[in-house]
Each structure stands twice: as C-alpha cells, then as structure tokens.
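Undergrad: Use the sequences and the hints to build the structure in full.
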Amino acid sequence: MAADMDPTKRWTIHIRDTDEHYDCDAGQHLLKGMLQLGRKGIPSGCHGGGCGVCKIRIVSGEVETITMSRAHVSEEEQQQGYALACRCFPRSDVSLDVVGKMQKTVCKRRYGFV
Amino acid sequence: MGVMRIGHINIRVLDMPAALKHYEDVLGLIRTDEDSAGNVYLKGWDEWDKYSVMLSPADRAGMNHIAYKVENDADLDTLKKRIADYGTDVEEVPAGQLPYCGRALRFWLPSGHLMYLYAEKDFVGKSVGTTNPEPWPDGLKGAGAHWLDHALLMCELDPERGVNKVAEATKFMKEVLDFRLCEQVMVGPDGDIQAATWMARTSTPHDIAFVGGPKMGLHHCAFFLDEWNDVLKAADIMAKHKVKIDVTPQRHGITRGYTIYFFDPSGNRNETFAGLGYLSQPDMPVITWTEEELGRGIFYHTGELNEAFTTVYTEGA
Chain A
69 MAADMDPTKR
79 WTIHIRDTDE
89 HYDCDAGQHL
99 LKGMLQLGRK
109 GIPSGCHGGG
119 CGVCKIRIVS
129 GEVETITMSR
139 AHVSEEEQQQ
149 GYALACRCFP
159 RSDVSLDVVG
169 KMQKTVCKRR
179 YGFV
Chain B
23 MGVMRIGHIN
33 IRVLDMPAAL
43 KHYEDVLGLI
53 RTDEDSAGNV
63 YLKGWDEWDK
73 YSVMLSPADR
83 AGMNHIAYKV
93 ENDADLDTLK
103 KRIADYGTDV
113 EEVPAGQLPY
123 CGRALRFWLP
133 SGHLMYLYAE
143 KDFVGKSVGT
153 TNPEPWPDGL
163 KGAGAHWLDH
173 ALLMCELDPE
183 RGVNKVAEAT
193 KFMKEVLDFR
203 LCEQVMVGPD
213 GDIQAATWMA
223 RTSTPHDIAF
233 VGGPKMGLHH
243 CAFFLDEWND
253 VLKAADIMAK
263 HKVKIDVTPQ
273 RHGITRGYTI
283 YFFDPSGNRN
293 ETFAGLGYLS
303 QPDMPVITWT
313 EEELGRGIFY
323 HTGELNEAFT
333 TVYTEGA
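Heads up: the protein sequence lines correspond to chains A and B, in order.
Going by my numbering, the first sequence opens with residue 69, and the numbers climb by one from there.
Going by my numbering, the second sequence opens with residue 23, and the numbers climb by one from there.
Calculated directly from the structure, the hints in this document are not laboratory data.
These numbers were taken from a predicted model, which means no experiment stands behind them.
One thing to keep in mind: the hints can contain errors.
With a cut-off of at most 27 angstroms between alpha-carbon atoms, the simulated BS3-like pairs for lysine-lysine come out as follows [to be verified]: (1) 100(A) to 43(B); (2) 100(A) to 262(B); (3) 100(A) to 266(B); (4) 264(B) to 169(A).
Covered, in the sense of this in silico footprint (three residues per stretch, anywhere, with C-beta under 8 angstroms from a C-beta of chain A), are these stretches of chain B [what the hints assert, rightly or not]: (5) 176 to 187; (6) 232 to 240; (7) 285 to 296.
From the three backbone atoms N, C-alpha and C, an ideal C-beta is built for every residue, glycine too.
TA: Here it is as structure tokens:
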C-alpha cells in the first residue's frame, strides 16, 4: 500500500495481542491516538521516545517515525519493524504487536519499588 | 568546606530544537552558551554560575553525568584522597575538560552513575544584579524555574540476589562526601532493606536522592519554584505546550515538596519542586518511611505509587 501523507487522514490501528481496533489521525502518534479514545493495550510512559515501555512491532501497514532512543530500538530492530508507539505516525492502516512491558504492581513488587 | 550544592546535570537529548523549546519556553531556563559539539548550556534566572543544565545531542536519552560544586579548591584534594581511600577509582581532570569549570574530580558512584566534583565555574550572575536587586527579573519564560534543585538517580535493587545499590550509593555519599541522610524508605519482611534515600549537603531536604529499581538510570532532575501557586501555573504552561505530564500537581510526603512530574521531549523525566520543605540540619534525626506507607511517602494525596514511577525512566550512564 502506498503511504498516504495527508496529516488529517484517519487510519485504523489493530493491536493483535488484544484484538483491539482504534482509529488514529495521521498527525497523532499511535500511543496518543489510543489514549485519547480511552483505549488500552500499549503501555504508556514518557511519550518522548526515551523510556521504551511502548515498544511495538509493526506487522503490516506503514508508519512515519521520528527519533527514538537507540537504547530501546536498534537500527537493526527498526529494519525489522520494531518501533516505539510514541514515535510512530500512521500512513496507512496498521497492524501491530505489543513488545514493551510496564512492570506490574500486582504480585511483582515484593520490595517496595521492585 | 566540602560539597556545597548540585552544580549541573548533563542530559542527552534526541532532538535539540525540541529540547530547547522545552527547557527554555516551558521551564524558563536561560541559554548561556553553545559549543562546537552542539552542547547547549542553560541556567535558571536565580543561579549565578554559567550553567546548571548541559544538553548534549545524542541518539539515546538519559544522563551522561552529574556534578556537584565544592566550596574551596583544596576540598578537591581532600575529597580525592577520601574517594581513593574508600577504594573508588578517581581521576583528576584538568581545567576546561568539564566545560567552563576548573579542575575536577571524575569518578563513578557505586550505583554506576558518573559524578564530577569541581570548585570553580564561569560566573555570569543574575540579571537582577547584586545592588538593590528586584525580587525577580522581567521577561522570564514559562515556569521561570529558579534553579536546578536536585536529581533522583535510580539504582539497581534486587534483594534476592543480594544487590542493593541504593544502600551502597548512600553509604558512599555519607562516608566519603559527607552528605546527610534526611529520609529513607525501608522495605522487606524485616523492614531492613534500604530501598530509597534522600540526602543533603545544603539545608534543604535533599540535594540528591536514590531509589531502587530493576536497573540503574536517571529518574528525574528537578527545578525549583517558590510555592504552590507557581506549581499550578507551571502545570498550566505544560498543558498549553502539550508536555507529557506524569503526575499532576501534588505533595510529596517525603521532603514535603510540591511537585509535578513531566517528561522532556526525549523522555527524560523532569520535576518542578516547590517549597523548601523543612530545614534539614546535621543534628536532625533521620525520617523513615515504611513499606505500608510508601505510596503516601511518594504521592501524599493519592497515596498510591503510579505504575510508571519505577518503570518509566531513561538511562543513567
């Protein structure tokens, strides 16, 4: 599918892990688009490409990405479709897998913070 | 004598124009210089040394180093010996290697964070001057932050493997650099695991803090505001600029500060910290928070740690 650059265009995002679908404007990153609709599925962290919790893998479709920390997505991984959701703007309908994890508060934390 | 205060933090940013918009327009820091490597230097209006924030362009977010200023040049010799006697490698770097600073000591904390100590830094002063100064200058942008107040460094904590870098870093800061322990969080079945500490050299509740997490990193650096109303205004400014806010205005139980946690455009967490809390003095007894009340210690109003607090942070080295 050819990438569509119209920033007002709205695309459908499919989170394969939870089989959820939501719509996201081309001018909004995949994480913001999801949160604005009150939807869940991709962990939400710094929204700046620095912390890595919203790591995803694009399975199909096209996104435009902006700088993300190499601490979390190497160049090789990026070639394979890995990205941070807060750095991806949809340019077509997108299907993705969630890779990043938020530490769960239930049962994991045995020593205060960890 | 010894360490006076936090001097500066060197933060890596992924997009310098976006970072400058944030640190200048939202936080209200003032740009003082830029070097040929693309590093940008900023200070709060109420600071007199050349910079307290050094932004470095990079492809990974996080902190390169943190630096503290000592009172006299001779303190560097004393502390160099004490650091070495403790068994920590310490290197003396010549004047200018730490930008715009005199000779400096360079060493790694037990937690893996790089620290510098220096006695001299270029002086630029405050725009209000020192003769009959106005209480604040005109033309401040954004939140108009006064100064870099402190940083919180994440330290690896895994009691089951016997790893506690919070306790190790705290011991080093106390025994070698004479920081005072003001508050601590004690956890575990017997309440004997030091999971977080707040330490000071000034009379504020903390000039540095250490919190245990899955891996070491930079949790946040904090900028000082006067009072609660300034915190609300800062939050308005962040909302206007669509800054990602982590925790909206609230009080910390620990240190009693008024806080907002938010992220810079590279995902480094910042804080605006207001209120001087209490006067911390050398003879003040240590305040201890227990595991059951940890939520209220960090976020006094909600009483709950948010999920992101110990998971979402950037690299510390």
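Undergrad: Compare the structure with each hint and give your call.
TA: Now for the hints, and whether the structure bears them out:
In summary, the hint linking residue 100(A) to residue 43(B) is supported, as the alpha carbons are separated by about 21 angstroms, within the 27 angstroms threshold. Using a Cα cut-off of 27 angstroms, the hinted pair residue 100(A) and residue 262(B) holds, with the two alpha carbons roughly 16 angstroms apart. Of the supplied pair hints, the one linking residue 100(A) and residue 266(B) holds, its CA atoms being roughly 10 angstroms apart against a limit of 27 angstroms. The hinted pair formed by residue 264(B) and residue 169(A) meets the criterion: a straight-line CA distance of about 25 angstroms does not exceed 27 angstroms.
Counting residues of the region 176 to 187 of chain B whose beta-carbon sits less than 8 angstroms from any beta-carbon of chain A gives 3, enough to reach three: the coverage restraint holds. With 4 residues carrying a beta carbon less than 8 angstroms from a beta carbon of chain A, the region 232 to 240 of chain B meets the three-residue requirement, and the given coverage holds. Note: the region 285 to 296 of chain B has 7 residues with beta-carbon separation from chain A under 8 angstroms; the three-residue rule is met and the coverage holds.
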